[in-house]
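Asks: The chain contents come next:
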Amino acid sequence: MTWLTPLFGGIVLAAVVPPLLALYFLRLRRTRRVIPSTLLWKRSVEDLRANAPFQRLRPTILLLLQLLLLALLAIALMQPRFDGGERRDGRTVLLIDNSASMNVLDGDETGNQSRLEFAKASAIERIEALHGGGIFSGSAAEIMVVAFNDVAEIRTPFTDSRQAAIAAVEGIEPTDGRSFVGGGLQLARAFLTVIDPDRQTGPVAAPAALELWSDGRITDLGDQVLRAGETIDYHRVGSMETENIGIASIAAQRPYDALGQVQVFVAIENPTAARRSVDLQLSVNGAVRSITSRKVEIPPSQEKPGLGQVAGRKQFSFAPFDQERDAIIEVLVLGEDGQPIDDVAALIVPPAKRLRVAVVDAESFVLRSILEGMNLKSLDLLDLADYEQLAESGGLDAYDVIVLDDAAVTTMPPGRYLSFGRTPPIEGVTEFGNLATGVIVRRSSEDHPILRYVNLDELYISSMHKVTTGPGVTTLVESGDGALVVALDRGPVQMIHVTFDPLDSNWPYLRSFVNFVPNAVEYLGGLGEALATTGIAPGEPIVTRLPDQAKEIRIRLPDGSEESVETGDPSNLAWGPVRRTGLYELSWEEPGSSDRRQRVFAVNQLDATERRIDAAESIDFSVDVISGSAAKAGGTRWQDFWPWILGVALALMILEWWIWQRQSAAG
Amino acid sequence: MTRFPEGPPPAASRPTKIDDLIDGRLMARLDHLDVVSRKIFNGRVQGERRSKRRGQSVEFADFRPYVHGDDLRFVDWNIYGRLDRLFLKIFLEEEDLSMIVVVDASSSMHWGDPAKFDYARRLAMALGYIGLVNQNRVSLAAFGGLDAEGEPAGLQRISNLRGRRRTHEMGRWLLDIEPGGAGGFEDAMRRIALTRQGRGVMIVLSDFFQKDGFERGLRYVSGRGYDVHAMQILAPQEIEPGRYGMSGDLRLVDLEDDDEAEVTVNAAVLRGYRERLDAYCGALRDHCIRRSIMHTLVDTSTDLDALLLDYLRKRGLLR
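Chains as they are written, first to last, in the numbering used here: chain A, 1 to 667; chain B, 1 to 319.
Hints were generated in silico from the structure; no laboratory data involved. Everything numeric in this text was worked out from a predicted model, so none of it was measured. Built from N, CA and C at the ideal position, the CB exists for glycine as well. Among these hints, one or two may not hold up.
To list a few chain A residues with every Cβ distance to chain B over 10 Å, as calculated [to be verified]:
| no. | residue |
| --- | --- |
| 1 | T31 |
| 2 | L68 |
| 3 | L259 |
| 4 | R294 |
| 5 | D337 |
| 6 | M374 |
| 7 | D386 |
| 8 | G480 |
| 9 | D504 |
| 10 | E656 |
| 11 | W657 |
Covered stretches of chain B (in silico footprint by chain A; criterion: 3 or more residues with CB under 8 Å from a CB of chain A, positions within the stretch not fixed) [unchecked claim]:
| no. | region |
| --- | --- |
| 12 | 245 to 258 |
| 13 | 269 to 282 |
Chain B with its partners taken away, still in its complex shape:
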């Protein structure tokens, strides 16, 4: 069993090439998966999704009486011949899926064994890859990271990737994210919501440890056409710190804001922490449910293959 981490993982352990994020074997297994949206969304190009918008698709949906101004091209002249009344054919329009994966690159994610940020990057890579191979419009965003000068980079984005050939570009972008900033969740969610293009699936990968709260951030993106998945990523050392040797008189330093908390860790304190963690996760889950957001708690010790091929399929994100 690994010991309680002393701090952020060393640079040597971080992924440096795309194979570190996703290997060929996983790619092969992901090729058969697709992202499922609980809704059918409009897309810019006709994709592989059925849209609720009836339109120019080949798949017939229904008829409705003609009204002035309708496109005469969709009048069913056969019915007009038989019934002498004008009806319009309504088709289900096939749309491409807009998929955006948001990765929390704040300092709090850069911790744990395995590190939460690295796990999130690998998961984002896998989900993005699934989107690309299924001809979905894939966008990735990261918040809380640092730029090349080590300054907060704000919201970083790569947008509108489509097709398997963009896999390398997506992986390179993920590898270039430098974690280490503080917070920015609410601002990132607000900016993503404001710059929304069409509808789609949004997957947020974060630990949701936001001292200013996660509620407002999630509220920005919920109910605006996004099928939002909140995947809360926690390290096992966060879930059960006592098992990993956390004890004694400690001065706990917050990775993001250097806030300190002096704690004498004993059984009672650990018990209290676990209750607080459960309560926090429960509050996040309740908040998500109220806003039709799918909440999934992910332990970084969970095998990524099992998560993608089994767990997320059961949760309905993948099929």
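Next comes chain A alone, as it looks inside the complex:
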């Protein structure tokens, strides 16, 4: 039990009890009555008053009841509450997970409250318990509130204001993002670091208590380490029984020999221990195109050596269908489960078109042959001089994709590039050190479109350029010596860069190379615009190129609301980060045209960690394993006790009145 305003109640008690006792000590204001003799009255009456101003205090039931009544009222004013934890002074950081899995409606037993709502309620109660003081209280805990999904956000820095902390928690909005706690921990540690300018010692991180509200499905837990003095309480939110299956990836392509058709690929994952079977529904531009004729069987998750529990996975291909024009493709897993947002995934398929490709400094016969084998509109072979000249004149805009075959280019105007070998002169990819030799692949992002059907297990690289990557650069294939394939998406400039010359490896002899090059060219070029937009995940920004003259730019969100987009450079437009999954419709006007042009972006939550929604019993930091306790809120939330005390006080008052009536009115 805690007292919200203990001092106030004490003050009231100290203020009212002495006057009450004084009233009993002091003589009452009485009606004067003349009688023949006080002889008998003096002998018979209990509460005779002497002539002295004070009398001996006589214990009466009325005084006892009144003292009890006052005590109860004072206790009620102290606002006693039962809570789930003890009050704690010092600094406490509340970390609240607002990732996609926290939107599951199993926060309470009724299933009407999401995990996030439950976590917020629980955290607010915790704030009140930690704070343990009202306006009259003395010391109070300092509380910092951090919400985290893909990024961490400080809702409020350390504050001793209970209201501010509660408002910070209440303001946390749900997102469909992934769950990364590392940023939150970094922020907390940054605020906990004390730098005393009067002392010459270095910054000192004050020990802090961390309290985490989450379902425990946090992507980067394994990368985090609790520091000395840090403690963390894991308030588990959500049921450990809730099951879910979801779409792990979605892709669409126009068959090489039938560009007027679209084929949709989807992968379903089942992180549960039971085999599941579902129906899949394919919609095109909002109209249902097909539903699977028989249920798709998804195997259960399995324990695999070295990998732990691996979700069961089933890939499914819809039959190709005619679609010349661009289209919004949507795949829906029919049936209900715990997490609806990963039961639907959408992507935007651009209209069918054939690409114009230029190859600069084409040394590789294999590369040129592969490109020539593609159904391109044109394939031009450029030497370095041609490239530089076209770059200067803007002639490179005529090409959908420019392939740099270990070319030593000096400039990279806006465009889409597939680069091999030499490190291109672009910010974000920086070469360092000597060439690495004898390199093999350690990890590859198989879900990325350019790595579809690309098996790099047998790839051996004799030498490669070692590079570091900056913001906006994603490593798709990684070796022990650094990135092998990186993707850069910076609005007007989009690039896939392979850090080695294929001729310095056995890649040209592997089938994966034959798949990789068309994938990359189509991704960057003809299908690039569409596939790039399908790659948006919650937490990432929408980045696109609009005509320079675009104005009145607005974006319609999945919930139907519309926002105006202010930008000074429409050709390099970024908006976001997006928080919720669904379709975002960007529209703008161009001079001379009354029609608004539109571009649709699909935002899908396909993260494996978020797909697993059964609350984790414990969270495993890289060193420490923190066992969780079910968060307290809702049914077990701690209660205000003072209304009950007031009720008892009222009953006492009635009892006191009744006794007084009996004693005085009768007779």
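On the provided structure of chain A, position chain B as indicated by the hints.
Replies: Okay, now just chain B, sitting in the frame of chain A:
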């Protein structure tokens, strides 16, 4: 039902003429009554009472042998003739009855509805009248009253009244008593005892609420030849104050000495008061019995006719 008195009765309600004390109708009914003494007492003149003193009365009582010094006038010469021995005839001597009525005129009596003092005056008037018409020697005394200047008057007396013609004088004296003093019971009883002339009947009309006690006062007059009647006069508001609306937080002021008692009157307190009153009256009664004093409790709401003609006859004071 009358309310609880706020204080002494207003002057307008007090008796101002003798008819207010005793009217003709009551007089006529009292004419047939006489005061009874449980003893026969000596009187100054031969009255209508038989005395235990044998003497010169006409009613023969006994004989006894003559001894030297006896009055030869009472020798029965007839017996001497027959027996040749001297015997004296002993006669019952008839004496007048000395009757003294003592009225408490202290402030405590000047209260109630009907007021205790007024009731006592009417009762004293009636008893005195009975004594006068029966040729008894009637004296009246009052204590605790005030004189014309409003000062304590001490013991006031009117003595040796006899015969119906003294009725007016007695009534006038009673009407002139001004109540309002404090106590004085013991002193009055002592002075009456010291100035006693002969024996007789003493009737004390008082509420006996004496803070210094009634015992010593009664002891002065008991066992000294008086046939004492203690008539304790109480107002109904004293006997059952709860019935007359006495309740709440009160500051009770004593009429006699302005002593104050702060009381929250409730059922328990009223119950305690009644127990105390009963105990007080019981103590007075016991004290009286031990000293052969007749104790009678009189409620002022009792009709005076009924008291005199019925109750006091049954108690043996009147016949």
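Asks: For every hint, state whether the structure bears it out.
Replies: Here's how the hints hold up against the structure:
{"no.": "1", "hint": "T31", "in the structure": "5 Å, violated"}
{"no.": "2", "hint": "L68", "in the structure": "21 Å, holds"}
{"no.": "3", "hint": "L259", "in the structure": "106 Å, holds"}
{"no.": "4", "hint": "R294", "in the structure": "91 Å, holds"}
{"no.": "5", "hint": "D337", "in the structure": "74 Å, holds"}
{"no.": "6", "hint": "M374", "in the structure": "110 Å, holds"}
{"no.": "7", "hint": "D386", "in the structure": "116 Å, holds"}
{"no.": "8", "hint": "G480", "in the structure": "98 Å, holds"}
{"no.": "9", "hint": "D504", "in the structure": "111 Å, holds"}
{"no.": "10", "hint": "E656", "in the structure": "15 Å, holds"}
{"no.": "11", "hint": "W657", "in the structure": "15 Å, holds"}
{"no.": "12", "hint": "245 to 258", "in the structure": "holds (count 11)"}
{"no.": "13", "hint": "269 to 282", "in the structure": "holds (count 9)"}
Checked against the numbered hints above, the structure violates only hint 1.
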